[in-house]
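Novice: Take a look at the letters that make up each chain.
4 protein chains.
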Amino acid sequence: MIYFNSDYTEGAHPKVLDMLIKTNMEQTTGYSEDEYCKKARSLIKKACKNDDIDVHFLVGGTQANFTVISASLRPHQGVISAVTGHIHAHETGAVEATGHKIIALPCGADGKITAEQVADVYTAHVEDTNFEHLVQPKMVYISHPTESGAIYSNAELTAISKVCKDSGLLLFVDGARLGYGLSAKGSDVTLKDLCELTDAFYIGGTKVGAMFGEAVVISNSAIKQDFRYIMKQKGAMLAKGRLLGVQFSALFEDELYFEIAKKADEQAYKIADACKEAGLKMFSESVTNQQFIIFPKSLLEDFGKKYAYSFWEKFDDNNSVIRLCTSWATTDENLDQLISDIKNLKI
Amino acid sequence: MIYFNSDYTEGAHPKVLDMLIKTNMEQTTGYSEDEYCKKARSLIKKACKNDDIDVHFLVGGTQANFTVISASLRPHQGVISAVTGHIHAHETGAVEATGHKIIALPCGADGKITAEQVADVYTAHVEDTNFEHLVQPKMVYISHPTESGAIYSNAELTAISKVCKDSGLLLFVDGARLGYGLSAKGSDVTLKDLCELTDAFYIGGTKVGAMFGEAVVISNSAIKQDFRYIMKQKGAMLAKGRLLGVQFSALFEDELYFEIAKKADEQAYKIADACKEAGLKMFSESVTNQQFIIFPKSLLEDFGKKYAYSFWEKFDDNNSVIRLCTSWATTDENLDQLISDIKNLKI
Amino acid sequence: MIYFNSDYTEGAHPKVLDMLIKTNMEQTTGYSEDEYCKKARSLIKKACKNDDIDVHFLVGGTQANFTVISASLRPHQGVISAVTGHIHAHETGAVEATGHKIIALPCGADGKITAEQVADVYTAHVEDTNFEHLVQPKMVYISHPTESGAIYSNAELTAISKVCKDSGLLLFVDGARLGYGLSAKGSDVTLKDLCELTDAFYIGGTKVGAMFGEAVVISNSAIKQDFRYIMKQKGAMLAKGRLLGVQFSALFEDELYFEIAKKADEQAYKIADACKEAGLKMFSESVTNQQFIIFPKSLLEDFGKKYAYSFWEKFDDNNSVIRLCTSWATTDENLDQLISDIKNLKI
Amino acid sequence: MIYFNSDYTEGAHPKVLDMLIKTNMEQTTGYSEDEYCKKARSLIKKACKNDDIDVHFLVGGTQANFTVISASLRPHQGVISAVTGHIHAHETGAVEATGHKIIALPCGADGKITAEQVADVYTAHVEDTNFEHLVQPKMVYISHPTESGAIYSNAELTAISKVCKDSGLLLFVDGARLGYGLSAKGSDVTLKDLCELTDAFYIGGTKVGAMFGEAVVISNSAIKQDFRYIMKQKGAMLAKGRLLGVQFSALFEDELYFEIAKKADEQAYKIADACKEAGLKMFSESVTNQQFIIFPKSLLEDFGKKYAYSFWEKFDDNNSVIRLCTSWATTDENLDQLISDIKNLKI
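Residue numbers (our numbering), protein chains in the order written: chain A, 20 to 366; chain B, 20 to 366; chain C, 20 to 366; chain D, 20 to 366.
There's no promise every hint is true.
Ranges between beta-carbon positions, derived for each pair [as the list claims (entries may be wrong)]:
{"id": "1", "chain 1": "C", "residue 1": "D360", "chain 2": "D", "residue 2": "N149", "range": "24 to 30 Å"}
{"id": "2", "chain 1": "B", "residue 1": "A241", "chain 2": "D", "residue 2": "N149", "range": "42 to 48 Å"}
{"id": "3", "chain 1": "B", "residue 1": "S240", "chain 2": "D", "residue 2": "D37", "range": "51 to 57 Å"}
{"id": "4", "chain 1": "B", "residue 1": "E52", "chain 2": "D", "residue 2": "K300", "range": "52 to 58 Å"}
{"id": "5", "chain 1": "A", "residue 1": "S359", "chain 2": "C", "residue 2": "T148", "range": "56 to 62 Å"}
Simulated from the structure, these hints should not be mistaken for lab results.
Positions of the beta carbon are idealized from the N, C-alpha and C atoms, including for glycine.
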C-alpha cells in the first residue's frame, strides 16, 4: 500500500531525525528553557525578520488552536471561523470545551472567508439591540493554507487584518501546513507579513518535516502575557521541550522548512496535472500539497487497493471527492507510479 | 407607551401575587424542600398524569437550558438545535460555557426542525470515518412553541422522539412559553405526552403568569440523578425555593396556567387578524402569543411612538419583521386600541 | 416550629413586598434597563457616596460569586479564599465549574484571613522556580461578615486591599449578609470604604429584606467591561429585571436596609447574652445576626422539637456547634420565647 | 554541569530511539490506529496479564491526568488527592480548567493518602445535611510512586480500592514514574494488580525510557466508552500516533521498561546511602529514583556549580530540601562522581 492519504504518514525528515539522534543523550533543562529552544526561537525570529514576537513550541495542532484561543478570549467572547475550519469541524469541540462558541461562516470549496464577511459579523453584532444576549465576536480564525489547500493572498490577509484592527478583533492563523502555503506558486505572503498582520499564528511542524511540533508565534502583547501558564494548564508544555527546539532548529537552519515544502507542492501539482490529463475534475483549486479530486466511485475500489487516499465527501451519486497529499516524505518513485496509474485510469 | 414587545413586561398574575403575599411571613425550610414546593410538584405530576417524573424549580430559561444540558452530556457530546434556537442564538454562549458545542440545523421561518434532519445528523456522524474528531450528537433541543411561535404536532414530536430513542439521543424541550403552545388552537400535545416523548422539558412560568420561575420536568433517570447538585453549582437553586413552590402551586391550582395562556393566544389571533385585514403580511404562521409581522419601515416610527414592539429582523429595504406579544397580562383595553390602530394603518 | 436556622425562612420585608405589589401591573422594559433599576442604581451610588461604580442586580449569592470571578480571571488564574469561604465550601464547585482553582487558606473560627497570609501566597508564587506550573493567584475573596459572623475592621480591610494593589491582585467581597456586617456593633466599615478598597463587592438582598436579589458593585474598570454579557451567559440576567430594581429601591429608600439589619444584629446579641447567661460557650465571637453556640448534644433533641436550628459541626463527643440566626423577619415574640427557653436550659 | 535535577533531561533510551529510527520512513495510518500501536497494546496487555483493558497512548502526564478525569466525572463531581498530588500542586489548575474541584487531603512527607482518609471524606459527604451544596467526591487520585518517591504496598492499594468500590468511587493512579515504583525494593505491586485494583492508571514513558508518551490503561467500562473522542478534544490524540506505539513496543519488548527502572532505582539507593554516610538526613524515605535530601544551605552554592538539582522546599533557616533524580539515562560515571562528591561534603 502506498500512502497519499495524508501528510503525516511517516516520522521525521532525515535532517530532523539526525539532530534528534545527535542530541539524544545531551542533558538539558526541561520545559523549553534549554539552549535548543533558544536557538530555534532565534532562527524563527530571524526568518520572521521580527524580534518583537514570542515563540512557543507546542505538540499538535488542536492543542495549539485551543491554547491560543483560550489565552485570548474572555468568557463571553467567540471566535469566527469558516464552517469548514478545523476548529469547527474536526476537533471534537475542543474550543467549546474551553468555554467559547465558534461563530461559523459559510465558505466556498476553497475554505476561505473574506474581510467583508468578518466586517458583516461585527456590524451585525454591534447593531443588534440585544447584543449582550449574543456571543461577542472577538477573534478571527483562518487556516493558511485552508483545509482544502487554498491560500490567501497578501491583499486578502491585509484586508482581513484591517477589519480586525478596526473592529477590535484578534486575528489568529492556523498554520498546520504553513510551509506548503508560503511556498506555493503564486503566494505573496511571508512569515514577516504574518507577524505584522496577525496577533498569533503557528508554523506547523508535524506535517512539514518535524516528527511532531508546532511553533506558535505571538505578536499581540495581551496574548503573550502568561502564555506559558496556559500552555502548562492545557497539557501543551512538553517536559522534554528541547525535543521541539532541536526539531525547529533543524527545520529553520538553511531554510530546510521551505525547501521541503516547495518540493512537496511541486509534486502535488504533478498529481493535479495528471488528474486533469486523465479527464478528472478537481473539486477545488489547490496550490498546495493537498489535492482534491472528483473521482468516479466505480474506479475507487481498484485505486484503493494500491493507494491509501482520504475520502473527503460525497460529490454525487457516481462520484466522490477524494484527497491525495504529498509531503516532505513523498518519494519521486511513489509519485511517478501514482501519476502513471492516474493517467491510465479509464474515465 | 403600551408594551406589546414581549411577554415579560409586567410582574405576576394577581392570583400568583396573592399567594406570595399570603405566605410571605410564613417560615419554611430553604432550597425547595418546603411544603409549597412539595405541593407544586404534586400538582404538576397530576397535570402530567405521571408520577415517575422529577420536578425541579429554577429561576430562568437560560439557566434551565444550560443546567439540564450540562447535567446530561459527557464532555465530547453536543446538542442539536435549530439555528434560531434560543441556546444557539440568544444566550451569550451559555451552553458552550459549560463545554458543549451546539450542532446547528437550518430551519424555516417557523423555527422547527424535523425528525429526518435529526436522523441525518446522527447517520452522518456514525458513518464519518473520522467520527472521533467530531462532536458526538447526544441531545436534541427544541422549543415548544418555537422562537417564532410555531408548535410541533404530536406526530412531529413523536417522530423526533422515536429517532432519538433509536439513536441513543436525548430529547429536551425548552418550554419557556409552553403554556401558550399547549393551549394554542390546533395543538394536540399534552403535558402527559411531553413526559413520555422527552427526557426533560420545562414548564415556563416567567412568561406565563409567574413573577419568575421555570419548572423542569425530568423523565430520564440518568438526568434525574444528582440534579440538585448541578442546580446548586449553576446558581439555579434558590435559597427561598418556596417562592417557586408557591407560584407554581397557584398556577397549577384550578388550571390557571392553561386558562391564562389560552386567553393570551386568543388575543394574539385578533392581532394577526387585524394585521391581515389591514393588508400586512405575516412573517410566519404563529398560533401562539407571539405574532411576527412584515411591517413597512415608513410606518414604524409613528407606530413606535405609541407601542413598544420588538424588532425581529430586516425583511427587505422597505420592510422590517416586528414581533408583537400578548401575555397573561394583556388587557382587553390595550388590545382593542392596538387592533383599532392597526386597522387604520395606511398600508 | 419556630425557625432560627437561617436568615431566609420568610419572604420579603413588608415595605419591599408593598413596592412589588404596587408596581406589579406596570409595564417596563426587561433585563434591568427599566426605571426602577435606574433608581435603585442611583440610590446605591448615593449610599456609596460614589458615582464611579457600576451596579448590577443578580438573583443569588452563588451566582454573584461565580459571575464576578469568571468575569475577572484569565484561565490560569485562581482565587484565594479562606478554607471556610462559601465558594470553597458550599457552592458545589461553582467556581471550578467556570475553570478556576480556589487557593484555600487556613483560618480560625472567625473565618477571616489576613493581609499577611495573602502577601505570603503571592510571594511564595512569584518566588517559586516553577511558578508557571502553579495556578497564578489573581483575586482575593473574602466574606463580610464571614461565614461565622465575624467582621473585618477598616484597618484589616485596608491592609488586605493594600497587599492586593501592591501585588496586582483583585479584591472581591461577598456581601451576602453585608447589611448585618456594616450595622454590627464595632463596625467601622462603610459602603464608601468598600468601593474604594475593593474591585467588586455585593450588597446581599436575599438575606436582608429582599424577596431575592444581590446588588453587585464594581469599581474596577476591567471587570466592568462587558459584565452584562457575562451575566447573561451565567443565567444571571433576570428577564423581569425590574423586580430587582423595585426591591433595591425599597431597601435603599430611607436606609431601610441598614435599619432592619441593625435590629436583627441586636436581636442576635440578646441570643448570645442568653446563651452565656445559661452557661453555654460560644464557638466564635460573632457581632452579626448569626450566632454559633457550643450546645450539649443531650439537650439538642428537645430544643429541636420547638426550634429549627442549623447543625454547624461536631465540637466534641458531647457537644455540637449549632447556628441560630435572626433576620429582618425575626419577631420579638419569637425572640423572647427563645431567650426564655435558653435561659431555662439545664446545662 | 551534571544533571540530577530531574528524570527528563535526556531524550530516549537507545533501544527506543533505534526503533524510531528504523521505522522512521515507514508509512502508517494516523491517530494510533497503526500496527505499532496494536503491537504495543498487545504487549502491555500481556504484561498486565489482562485482556479486558483498553490501552491508549497520550503524550504527557498533565494531559493524561485531565483527560482521564474529565472522561470520568459529571460536572458536580470532584477528585480526592493528596495536597501534594501533582494535579493539585503542579498542573496550573488543569483539572479545574475542565470544571472539577480537587478535594485535597493532608499527607505526610511520603505523599501518601490512606483508605481511612478516603472513607472519612466519603462518610462526611453523605452525612452532611447540605451534601448537595458540596462537590460530590467521585474519584480518588494517587501517584505511584508519589511525588516524593514513596510507594504503596499491595495491602494499602487494596484497602483504598475496597473503600472506593464500597463507596462508588473511582480509583485512578498517576504512573508518570510507574516503572520506578514497580521495580523498587520492597514493592509487591504488579501491573496485573493495578488493572484489578484501579479503574484507570497509566504507565509513564516520558520519565522511564521513552522520548515522550504515557500509556493509559482503563479497566472501567464507563471510562472506556468514547475515550478517543475525549482524547481528541483535549489535544491528546497524536496525529503520528505510531510514534507512541513504536516506543511502547520497544519498552515492553523483553521487559526493557522494568530493567531500566530497576537500574535507576538502584543508582538512587547509592545516592541515599552516600548522603547518609556523609551525615545528611533524608527528608523522606524514598525507594525509587527520586531522593529528597535535607541539605545545608551553606553548601548548596558550591554543590550547584557542578550538579543541577531541584530545590524542593525550605526545611529551616539553615537547610533546604533538594531532590536528586536518577533515570534510565544516568551513567555510572556521573553517579560515581556525585557519590564521591557527596561523601566529601563537609557537613
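Novice: None of the hints should be skipped; say for each whether it holds.
Specialist: Do the hints match the structure? See the list:
no.	hint	result
1	D360/C with N149/D: 24 to 30 Å	26 Å, holds
2	A241/B with N149/D: 42 to 48 Å	24 Å, violated
3	S240/B with D37/D: 51 to 57 Å	54 Å, holds
4	E52/B with K300/D: 52 to 58 Å	56 Å, holds
5	S359/A with T148/C: 56 to 62 Å	60 Å, holds
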